[in-house]
Structure formats: C-alpha cells, structure tokens
Amino acid sequence: MQWLDARLPLPRLMYDSFVAYPVPRNLNYAYTFGGILALFLGVQILTGIVLAMHYAANSAIAFDSVEKIMRDVNWGWMLRYMHANGASFFFIAVYVHIFRGLYYGSYKAPREILWILGVIIFLLMMATAFMGYVLPWGQMSFWGATVITGFFTAFPLIGDSIQQLLLGGFAVDNATLNRFFSLHYLLPFMIAGVVILHVWALHVAGQTNPTGVEVKSSKDTVPFTPHATIKDGFAMVVFLILFAYMIFYLPNYLGHADNYIEANPLKTPSHIVPEWYFLPFYAMLRAITFNIGPIDSKLGGVLVMFGSIIVLFFVPWLDTSRIRSTAFRPMYKIFFWILVADCIFLGWLGSKPAEGIYPALALAGTIYYFGHFLIVLPVLGLVETPRRLPGSITEAVLAKNGGGGAPVGAAAAPDTKG
Amino acid sequence: MKTLLSAFLAAGLMAMPLGIASAQENQGSGASVEANSDAATEDAGEIAAEEGHSESPHYPLKKPEELSWSFAGPFGHWDIAQLQRGLKVYKEVCSACHGMRLVAFRNLEDLGYNEAQVKAFAAEYTIQDGPNADGEMFDRPGIASDYFPSPFPNPEAAAAANNGAAPPDFSLLAKARAVERGFPTFLFDLFSQYQEAGPDYIHALLTGYDQEPPAEIADLIQDGTYYNPYFISGPALAMPTPIADDQVEYPDGAPQTVDQYSRDVSAFMMWAAEPHLAERKATGFVVMIFLVVFAGLLFVVKRRVWAGTPH
Numbered sequence: 001m002q003w004l005d006a007r008l009p010l011p012r013l014m015y016d017s018f019v020a021y022p023v024p025r026n027l028n029y030a031y032t033f034g035g036i037l038a039l040f041l042g043v044q045i046l047t048g049i050v051l052a053m054h055y056a057a058n059s060a061i062a063f064d065s066v067e068k069i070m071r072d073v074n075w076g077w078m079l080r081y082m083h084a085n086g087a088s089f090f091f092i093a094v095y096v097h098i099f100r101g102l103y104y105g106s107y108k109a110p111r112e113i114l115w116i117l118g119v120i121i122f123l124l125m126m127a128t129a130f131m132g133y134v135l136p137w138g139q140m141s142f143w144g145a146t147v148i149t150g151f152f153t154a155f156p157l158i159g160d161s162i163q164q165l166l167l168g169g170f171a172v173d174n175a176t177l178n179r180f181f182s183l184h185y186l187l188p189f190m191i192a193g194v195v196i197l198h199v200w201a202l203h204v205a206g207q208t209n210p211t212g213v214e215v216k217s218s219k220d221t222v223p224f225t226p227h228a229t230i231k232d233g234f235a236m237v238v239f240l241i242l243f244a245y246m247i248f249y250l251p252n253y254l255g256h257a258d259n260y261i262e263a264n265p266l267k268t269p270s271h272i273v274p275e276w277y278f279l280p281f282y283a284m285l286r287a288i289t290f291n292i293g294p295i296d297s298k299l300g301g302v303l304v305m306f307g308s309i310i311v312l313f314f315v316p317w318l319d320t321s322r323i324r325s326t327a328f329r330p331m332y333k334i335f336f337w338i339l340v341a342d343c344i345f346l347g348w349l350g351s352k353p354a355e356g357i358y359p360a361l362a363l364a365g366t367i368y369y370f371g372h373f374l375i376v377l378p379v380l381g382l383v384e385t386p387r388r389l390p391g392s393i394t395e396a397v398l399a400k401n402g403g404g405g406a407p408v409g410a411a412a413a414p415d416t417k418g
Numbered sequence: 001m002k003t004l005l006s007a008f009l010a011a012g013l014m015a016m017p018l019g020i021a022s023a024q025e026n027q028g029s030g031a032s033v034e035a036n037s038d039a040a041t042e043d044a045g046e047i048a049a050e051e052g053h054s055e056s057p058h059y060p061l062k063k064p065e066e067l068s069w070s071f072a073g074p075f076g077h078w079d080i081a082q083l084q085r086g087l088k089v090y091k092e093v094c095s096a097c098h099g100m101r102l103v104a105f106r107n108l109e110d111l112g113y114n115e116a117q118v119k120a121f122a123a124e125y126t127i128q129d130g131p132n133a134d135g136e137m138f139d140r141p142g143i144a145s146d147y148f149p150s151p152f153p154n155p156e157a158a159a160a161a162n163n164g165a166a167p168p169d170f171s172l173l174a175k176a177r178a179v180e181r182g183f184p185t186f187l188f189d190l191f192s193q194y195q196e197a198g199p200d201y202i203h204a205l206l207t208g209y210d211q212e213p214p215a216e217i218a219d220l221i222q223d224g225t226y227y228n229p230y231f232i233s234g235p236a237l238a239m240p241t242p243i244a245d246d247q248v249e250y251p252d253g254a255p256q257t258v259d260q261y262s263r264d265v266s267a268f269m270m271w272a273a274e275p276h277l278a279e280r281k282a283t284g285f286v287v288m289i290f291l292v293v294f295a296g297l298l299f300v301v302k303r304r305v306w307a308g309t310p311h
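Chains as they are written, first to last, in the working numbering: chain A, 1 to 418; chain B, 1 to 311.
Heads up, none of these hints are tricks.
Distance condition first, Cα-Cα at most 35 angstroms in a straight line; then the derived DSBU-like pairs of lysine-lysine:
1. K88(B) <-> K68(A)
2. K68(A) <-> K281(B)
3. K352(A) <-> K281(B)
4. K62(B) <-> K267(A)
5. K88(B) <-> K267(A)
6. K216(A) <-> K302(B)
7. K63(B) <-> K267(A)
8. K267(A) <-> K91(B)
9. K400(A) <-> K302(B)
10. K119(B) <-> K68(A)
11. K68(A) <-> K63(B)
12. K91(B) <-> K68(A)
13. K63(B) <-> K352(A)
14. K219(A) <-> K302(B)
15. K302(B) <-> K333(A)
16. K352(A) <-> K62(B)
Hint data in this document are derived by calculation from the structure and do not stem from the laboratory.
Generate the whole structure from the sequences, applying the supplied hints.
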C-alpha cells in the first residue's frame, strides 16, 4: 500500500476523504441522503448493466425482450423491479436531499458551485429517468415520449429541428428508441462524473450542519469513519427496507398499468401521465393556458417548466439572508414548509386531467413556486429578524444535550423528513 | 413514521363520510334522471344526448369488487387447483378468441403438472414450423418449448373477425388493467399491499354482463357492443357475454358458476402475467428479515460509536 501510495496517492485520497475527513458532529439524518444517493446510483448502474445484457433496443422486440427478462432470465424480475423502483427511490432521496439543502442553506457561500453541480446532476437524472421510461416500449413509454419531445416544437424557428434530432425522425419510432437507449446508458456515467465533482466540491468547502455555523475547531467535528460511516450505513439500510418493501410487495404501485400494453402509435391512452417524480413539473407545464404577448400558451408552459429548474441555479444569489440555517429564521421556516406543500400540491395536480378547476389551481401553485424563489427569498432575507446564533457547533450541541437531555434516538426525526 | 401513519389514518377517516355522501349523491342523481326520462319521454333522448355531450359519464360506471385472492398480501401464494381450473376455462372458452403469446407450455409445470403431462398438453396443439429443407412451412404437434398459439394470424385478422375490436392477448392483461383507486385509497394501498386491481377488474367485468343499462347510458351504447358497467373505457364493449353457468366441467367439484369461472380465470391470468409472483413474495420475506435485523445491529453499533460524543 505504501508502495502504491508513493507512486499514486490513491490510498491516501481515500483515507483523507472517507476515513479521516472531519464532519460536523451535529449532523442529523437528513444529511445521510447524500450517501443514500451514491448507493442508489450504484444500484441503478449495476442492475442496468445486467438488464442491458438481456434487453433489445428495437421497437419490434423491445417490449417482448423486457417480458423475457421478467419471465425467463434468472432473477430477471427482481433486477427489473429493482431498476424501475430504484429510479423512484432515487428521486425520493434526491428530493429530500434538495429540500435539506434549501432548509439548511447549503447553497450559500462558499458552496455555490457545490449547489450548482447538484442541480446539474438533478437535470441529468431527469433526462436519464425519462429516457429509461421509454425503453420498455409500453403505451405510456411511447406516448410519454411523444408528449415530452413535443415540448421542443414550442420553440420558434429551431423547435422542429430539435425535436427531429431528438427523435431521429418525425415521430417516436425505432430510431428514437435506439438513441434513447444509447443515451440512457451514457448519462448515468456522466452523472457519476458530476457526482465526483460534487463530492470534491463538498470536501473542499466542508459540510454544512443544522446550525449553519461553520466549523471553528476540531472539537466541532468527528472523523468520518466510524461516526458518519455507521450513521450513513444505518440510514441506507433503513432506506433499503422501504425499497425492498416496494420491490417485493408493491412492484407496480408506482408504475402505470398502461405500460404493460405494447406501444401502439394508432391508439392514444385516454390519460397520459408521466412518472410521479415529474408530476409537479408537468402541472406547471399545463398551468399556462393563455398567451402572453408574443409567447403562446404552449411555449409559455415549456418556459415555465424549464424555468422552474433554471431558477434553482440562481438560489445562492436570490437568497439575501446571511443566516444559513432555517432553524434560526422563524419566518422563512414557515415559507419553507409552504414551498414543500406547494410542490406536493403541484404533484397532485399533475396527476389530474387538465380540465375544470385544476389548471387554475396549477397556475396558483406555479405562481407561488416562482414567488418563493423570486420574491420571498430576496425580500425575507432583508426584513427578517433571525434568532440568535450559537457561538459554535459544540456550544449548540452541549446546550441541547445539557438543557433538554433529549435521548439519542430523538435525533432520528430530522426536521426535513417528508 | 408513526405520526405520518396516524396522520394518513386521520385524513382517511375524515374523508370517509365525504366519500359516502358523494356516493349517495350519485345514486340520487341517477334515480332522478330516470324519473325525468319516464315523465318526459319525448325529451328524454335529447336530454340524454345533451348530457352525453356536455359531461360524459366517468368510466367504469361501477368500481370492481375487491375479492380475496390467495396470492394477495405478503405471504401470497398460488392456489394450484384454482390455476388448473383457470387453465381449463382458458383452453375451452377464452382461447377461441384470446391468445397468450408470452406463456410457453413448459411454464405449465408451475401449475403442478409434470413433464409428461406438459408434453401431452402441448401435443394437443398444432404449431406451424419451418421452413424445412425444402423451404416449406409445415404443421407439427406442439412441444413444451412452444408458446400458446394465437387464434388469429395477426391483429388485423383478429379485429376483422370480431367486429373491429381485436381481442387482447392474455399474457399481461392482469397487470395491464387497473381501475384508478383515487385519494385516499391509493395511500391505504401502500399499507394493505393492494396489487390485485387487475384480477378484481377482470372478475368484475366477466360477471358484469346481462344487466339493464340505465336510460341515460342506453343511448350511448353503440350497435354491436354489449353493456357492462364495469368496463374501464366506455359503457359497453365489443365482447359479448363470454361464459355461462355449467359451460366448463370442473372435475374437482368446484361450483360451475360464472362467478367461480371468473375467479379462476382471473387468478390464472394473474399467474400468466406475473409467473414469479409467489417466488417474489417468499424472497421478499427473507430479504425483509435480513434487512430489519441488519438495521437493528447497525443501530446498536451506531449508538456505541456515538456514545461518548454529544451530537
């Protein structure tokens, strides 16, 4: 090992990053989702590689090849259900992770690049998940692809060319399936690359913590191993219990029955819905039902949908508060939870047909979503009176343990769960 | 988790009276429309037509009944005798129109048949094979590795022979049909592990024929289709009443009723759609035990590691 270390300091890098690396001692379980996400990236890549050995990316046989995996490949049913539900759990974890970042101000200086890399990963994840959903070539795969690639035609002049480039033709067909499969195999490795940058940026800036007070002395930290390793490991296994519950008992709960019908370009399903993790964005897309000046409703919807993610890139500069942690921002705390509720509300609206009162509600939800980032974040930082910050992490920890005498298990209920 | 669960339950309890109220409302409005149409026979057609245009009824008209299936729940398993009866119903009745192209004869060993029985079963079918050395297609008796042959050469032929609607293939039908559960039922399904929407739907559809359509629905029914309030995408479907009492003989003494036939063939179709279901649940139980024990051990170790560190 020393021989290797002298020539290529890989062992030292690993030791410094995952053994000796100092982590704040007061991290709660909301901080374990980064590790969980790394685990799920691994699970998705491993199951995906094996599935790709049996899958055929040809529109004539893709659907049947997936069924062959389900019926004839040894443990094929488990691999496929792990991969399909793994995508959903990946998104559950990433949403908790993102809201954790928003709650504890993890995007603020000096962690802007860390945050932006995270948003890039999120975008790559969405592209990967969307293309992966097309591969089984069921009815929802086909019509979902038709609807989502149709967004690009909303852009003036270049829209049609972009759509044709994506599809490899004028409609979703074999060429689309082939390129989506190729990209679906490529993007996870790009995600892995950006994850490495994300972790690198994290290790340069250091982790935030629930108090938002930077680490001041070595008393504020504990070594990554064994403290964070065991805590992350425990959280991973608890998360895996939920994952296993879905795989083995409710494998099709998060899916759509129509995707067990082979794609048929001549038969449109009565109700096209995306996977649940896209529903809030789908609701925002459909919320714009009117033209705004030269922008017609279709382009408006697409801009709003993309804008809802683009706005995340600017969060570090939209938030004017000097206080990192929402725990010390009594007013922002209320707005934070309204935002969470708003996103769930939009998700529910996304699953409803665009008729009756739903588009109006979706518009209200969309306006609030943007209002949170463009108005609440900048204004509240200037007018809010934060609570007094503790002098250091250690001071906060000792105050909590001395005052309340809370049992260790109580820490297992992080504020951002849900 | 506990608080979350109780919150769900509370929400559900609060929503229950609402659900009942709306159901009563529906019944009430249905009855009043009937009364109206009786009173004003001349206008009835127009009113119904207008209603049909302005607000189409929500399908299915009736939700399927939830039955108890042997394969439901965490310890779900196949009722072999039921699957064998379902196979008999499929073979003698359904297979006249419906294929099952993804299921091979060799898979029938799951249904408790031995190799010789499977071979004999397969040999009853004629399979087109070829081309042979002379370039000719030829017919031969089926072997275990063959798949169930489809009754029609292609979907177009199937549609042409069936009034324009091709009978769907049975291989995945039990997973490809599900009536929307709605809020908050879909949340309860997480805990009750409800995954039997397919067989419940198929059973409801098969037993839902030969009812008198309400007047406002009757006008929506097209010629050549058959009213069935459980049909998921309309008031009526192209399939006529498929089966009658005593049509299939059960050697094991099970009741020879439409209800029993429907249960058996639905269970059989669930097996056809998800042949590894029982294996999946059995594996899941072992995995869950392992993960729970592992998590418990990790938690103990975690407490030990952090014991001297206030956090």
